[in-house]
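Student: Below are the chains, spelled out letter by letter.
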Amino acid sequence: MRLLFCLIAQLLMVQPVFAQGDFAPPPSKDDPLGIQRLKPLPAGVILIPGAVPSASDTRTSLPETGTIRKNVYDNAYFGITWAFPEQWGEEFKGPPPSDTGQYVLANLVGNRASILVTAQDLFFALTPPSKIALPSYYKMEAEPSDIQIAKAAFSRYSYMSPVAGLHWVVFATEIRCHLVQFVLSSQDTKLLEQVVENLKQIKLSAGADVPRCVADYARPENIVYKSDPVLADTKFNPIPVRIIIGKNGKVRHVHVISAFASQAQTVTDAMMQWRFKPSEAEIETGILFGSSITRRRAPTTSASSISE
Amino acid sequence: MKRPVAPILWMTLLFVGVAFGQTDPGVRGGGAAAGGPLSSVAANIPATILNFFNDGKARFQEVDSVSGTVAGEEGVGLGPRYNSRSCAFCHAQPAVGGTSPATNPQVTDATADGARNTVPSFITSAGPVREARFPFFFDSNGNPNPNDPNGGVEDLFTITGRADAGSCNIDQPSFSIAQQTNDIIFRIPTPTFGAGLIENISDETLLANSQQNANNNLGVTGTFNHNGNDGTISRFGWKAQNKSLTIFAGEAYNVEQGVSNEVFTQERPLPGEDRKSGLTAACKINGTPEDHTNFNTTATGTLSDTIGFAMFMRFLAPPTPSTTTPGGSTSISNGRSLFSAVGCNLCHTPSLTTARSSFTSSLNNATANLFSDMEIHHMGNGLADNVGQGGAGGDQFRSAPLWGLGQRIFFLHDGRTKNVMTAIRSHSSSGSEANSVINNFNNLSSSQQQDILNFLRSL
Numbered sequence: 001m002r003l004l005f006c007l008i009a010q011l012l013m014v015q016p017v018f019a020q021g022d023f024a025p026p027p028s029k030d031d032p033l034g035i036q037r038l039k040p041l042p043a044g045v046i047l048i049p050g051a052v053p054s055a056s057d058t059r060t061s062l063p064e065t066g067t068i069r070k071n072v073y074d075n076a077y078f079g080i081t082w083a084f085p086e087q088w089g090e091e092f093k094g095p096p097p098s099d100t101g102q103y104v105l106a107n108l109v110g111n112r113a114s115i116l117v118t119a120q121d122l123f124f125a126l127t128p129p130s131k132i133a134l135p136s137y138y139k140m141e142a143e144p145s146d147i148q149i150a151k152a153a154f155s156r157y158s159y160m161s162p163v164a165g166l167h168w169v170v171f172a173t174e175i176r177c178h179l180v181q182f183v184l185s186s187q188d189t190k191l192l193e194q195v196v197e198n199l200k201q202i203k204l205s206a207g208a209d210v211p212r213c214v215a216d217y218a219r220p221e222n223i224v225y226k227s228d229p230v231l232a233d234t235k236f237n238p239i240p241v242r243i244i245i246g247k248n249g250k251v252r253h254v255h256v257i258s259a260f261a262s263q264a265q266t267v268t269d270a271m272m273q274w275r276f277k278p279s280e281a282e283i284e285t286g287i288l289f290g291s292s293i294t295r296r297r298a299p300t301t302s303a304s305s306i307s308e
Numbered sequence: 309m310k311r312p313v314a315p316i317l318w319m320t321l322l323f324v325g326v327a328f329g330q331t332d333p334g335v336r337g338g339g340a341a342a343g344g345p346l347s348s349v350a351a352n353i354p355a356t357i358l359n360f361f362n363d364g365k366a367r368f369q370e371v372d373s374v375s376g377t378v379a380g381e382e383g384v385g386l387g388p389r390y391n392s393r394s395c396a397f398c399h400a401q402p403a404v405g406g407t408s409p410a411t412n413p414q415v416t417d418a419t420a421d422g423a424r425n426t427v428p429s430f431i432t433s434a435g436p437v438r439e440a441r442f443p444f445f446f447d448s449n450g451n452p453n454p455n456d457p458n459g460g461v462e463d464l465f466t467i468t469g470r471a472d473a474g475s476c477n478i479d480q481p482s483f484s485i486a487q488q489t490n491d492i493i494f495r496i497p498t499p500t501f502g503a504g505l506i507e508n509i510s511d512e513t514l515l516a517n518s519q520q521n522a523n524n525n526l527g528v529t530g531t532f533n534h535n536g537n538d539g540t541i542s543r544f545g546w547k548a549q550n551k552s553l554t555i556f557a558g559e560a561y562n563v564e565q566g567v568s569n570e571v572f573t574q575e576r577p578l579p580g581e582d583r584k585s586g587l588t589a590a591c592k593i594n595g596t597p598e599d600h601t602n603f604n605t606t607a608t609g610t611l612s613d614t615i616g617f618a619m620f621m622r623f624l625a626p627p628t629p630s631t632t633t634p635g636g637s638t639s640i641s642n643g644r645s646l647f648s649a650v651g652c653n654l655c656h657t658p659s660l661t662t663a664r665s666s667f668t669s670s671l672n673n674a675t676a677n678l679f680s681d682m683e684i685h686h687m688g689n690g691l692a693d694n695v696g697q698g699g700a701g702g703d704q705f706r707s708a709p710l711w712g713l714g715q716r717i718f719f720l721h722d723g724r725t726k727n728v729m730t731a732i733r734s735h736s737s738s739g740s741e742a743n744s745v746i747n748n749f750n751n752l753s754s755s756q757q758q759d760i761l762n763f764l765r766s767l
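From first to last, the protein sequence lines stand for chains A and B. Its first residue numbered 1, the first sequence is counted upward by one per residue in the numbering used here. Its first residue numbered 309, the second sequence is counted upward by one per residue in the numbering used here.
Check before you lean on any hint, since a few could be wrong.
Beta-carbon label-pair distances, calculated as ranges [what the hints assert, rightly or not]:
{"no.": "1", "chain 1": "A", "residue 1": "76", "chain 2": "B", "residue 2": "456", "range": "29 to 39 Å"}
{"no.": "2", "chain 1": "B", "residue 1": "410", "chain 2": "A", "residue 2": "200", "range": "55 to 65 Å"}
{"no.": "3", "chain 1": "B", "residue 1": "520", "chain 2": "A", "residue 2": "193", "range": "25 to 35 Å"}
{"no.": "4", "chain 1": "B", "residue 1": "455", "chain 2": "A", "residue 2": "44", "range": "16 to 26 Å"}
{"no.": "5", "chain 1": "A", "residue 1": "223", "chain 2": "B", "residue 2": "539", "range": "26 to 36 Å"}
{"no.": "6", "chain 1": "A", "residue 1": "76", "chain 2": "B", "residue 2": "449", "range": "39 to 49 Å"}
{"no.": "7", "chain 1": "A", "residue 1": "145", "chain 2": "B", "residue 2": "641", "range": "28 to 38 Å"}
Taking lysine-lysine pairs in the DSS-like style, the calculated list, with each CA pair at most 30 Å apart, reads [stated by the list, open to error]:
{"no.": "8", "chain 1": "A", "residue 1": "139", "chain 2": "A", "residue 2": "70"}
{"no.": "9", "chain 1": "B", "residue 1": "726", "chain 2": "A", "residue 2": "93"}
{"no.": "10", "chain 1": "B", "residue 1": "584", "chain 2": "A", "residue 2": "39"}
{"no.": "11", "chain 1": "A", "residue 1": "93", "chain 2": "A", "residue 2": "131"}
{"no.": "12", "chain 1": "A", "residue 1": "70", "chain 2": "A", "residue 2": "93"}
{"no.": "13", "chain 1": "A", "residue 1": "93", "chain 2": "A", "residue 2": "151"}
Treat the hints as calculated values from the structure; they're not laboratory data. The C-beta atom is built at its ideal place from N, Cα and C for all residues, glycine as well.
Please take these sequences and the hints and turn them into a complete structure.
Tutor: Structure below.
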């Protein structure tokens, strides 16, 4: 009797902790307080991702799905295989692609030095990325010059910050209508040169079998049928989309670069219904949905490969 | 002669401490470098505007009780749920309008006037003022459901037990379970100095700044949050979720103090209560909205509190930075240059120009040294709070304006640290846009990093 009384008293004391507010775990015989059955959320996981990329299929490679195994960076979409120096590694992954089509492909850290690999989708760039306009607090050390790496044309330039003593060396090339950049940074210029030599061993394989990328291909004269996505939300975000059109004019792949989940589904469903005129090659192009009012973008870059 | 090993060792350690021990100088001393009106407001241009500033400040400092019947607590409408009892309790450091003070008023708020609240474990006297949110609703087993986002504010306290609460009898949220299930996040008050300047920056200016920073080599992008009604850029709050100071004031009055008003017109239940039957009738003690336009009065007396709060915040001058403290002018100047060199300025834009203002000349085509681009940026899993607001996802936050940082005590959205160095390094985690910038910061020498810390504490 006394034991029962104590138990009831104990429960009464503990009960308020769990009986408050707008929820309470139901008690069970074995676990009257429900503690053992509580399943905490994982720590350090982004469960509400906001606008993120998605794709209509898993077979087609995507710009953002590069991998790092040991000291090798692989990116099937861009055809990049790079064995970077062994002492380097990626501590943190980059952010999801932006609504202006910018990707952080890899962010490698060495001993007081870093390498950032980025790609800017030239269909959605806010400003022409080919135009180098260094802020006044940087000093150009070497103007852009052409260099061949892995049989591809790169532009190399370097600059530094006099106050920080930091040096940057940039290698830029264009792959599939993206400006792909390798940005090397350190106060140690000798170290940078070592990385430069290493970078020259990079392998590039995005060749003739990839679709031809064409800016603004979704023009009336090329479209046989289209169904515009009806976005019911009021997020007012730009939704950049890349599609690959098969030779038969059907859309075979939709890559929504940045959108909320419901938007992505709506856009993908609509895009898969679009029909283009048949062509001799697969074509990859970009279309901007959502709000373009608040993200004014410059005219598409004049890079040769993206004009039809 | 015996060699004096110990002194040499100590000297070496001290030297190393000086050479490599870059430290946050701490809260800048001296008087509060903020809290006064804009210069044109102080000069009373246009006529009577200073009255509106002073009236708004008095309202901001007013303490609320349930029906305004408690002596010294004449504000009407507290609760039934609340986080504190006065705007100025939480927006206090280093002056009225600022942010979390050294002594957390919420400990006293919990039991003021007979209220019977338990102080949650995450609220302490020496800790930051906090509001709590549950990112997800709980399922019938009491577990957070990741497929059911919540994110609304779970007010810490209720009026139950207060002498002026009548028969209102409601419970506090179950913070202990939320903590056990990792389904709770915190936010601290944002300072409001210079808020009128921020409000008056045009969308075009913000877009131009974004475009100017677009081709950086640091992987920084960002985007804007937008008002769901008109689609223009919103800018107040940790995720830039609020469009204007009036909305910001109205929301805070409703959510933090439980006062219904002309912007948020109903008494606010918890998000979970709102899914069920809402608040009980016994807890709806006053007519709504409790704060409203006052008829049959003149000038400032006509305003509602909400409008008064907005006027006060709008006319608050921005903080005045120090040119010499801490570390001396050379270090501060060097730190300012380094701040841009490593790329902090890409998000924390040093200055933007306001549009023409119809209020007062100090807001008119003025330079706002806010150190923010008003964009929301992915900050990675280390800072993510899994609360979505408007177009901001769980790890996206507005670039916090850094003006006045020198006299702030707590940093980051949840006040997790008092140390600026920790705050800087917390910018780096998986998924963050700032990783490359922090790499640059880490690549600096210790003395260069110290210059940046000194610069930040000079603001």
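Student: Compare the structure with each hint and give your call.
Tutor: Here is how each hint holds up against the structure:
| no. | hint | verdict |
| --- | --- | --- |
| 1 | 76(A) / 456(B): 29 to 39 Å | holds, 36 Å |
| 2 | 410(B) / 200(A): 55 to 65 Å | holds, 57 Å |
| 3 | 520(B) / 193(A): 25 to 35 Å | holds, 31 Å |
| 4 | 455(B) / 44(A): 16 to 26 Å | holds, 19 Å |
| 5 | 223(A) / 539(B): 26 to 36 Å | holds, 27 Å |
| 6 | 76(A) / 449(B): 39 to 49 Å | holds, 42 Å |
| 7 | 145(A) / 641(B): 28 to 38 Å | holds, 35 Å |
| 8 | 139(A) / 70(A) | violated, 35 Å |
| 9 | 726(B) / 93(A) | holds, 27 Å |
| 10 | 584(B) / 39(A) | holds, 24 Å |
| 11 | 93(A) / 131(A) | holds, 27 Å |
| 12 | 70(A) / 93(A) | holds, 15 Å |
| 13 | 93(A) / 151(A) | holds, 29 Å |
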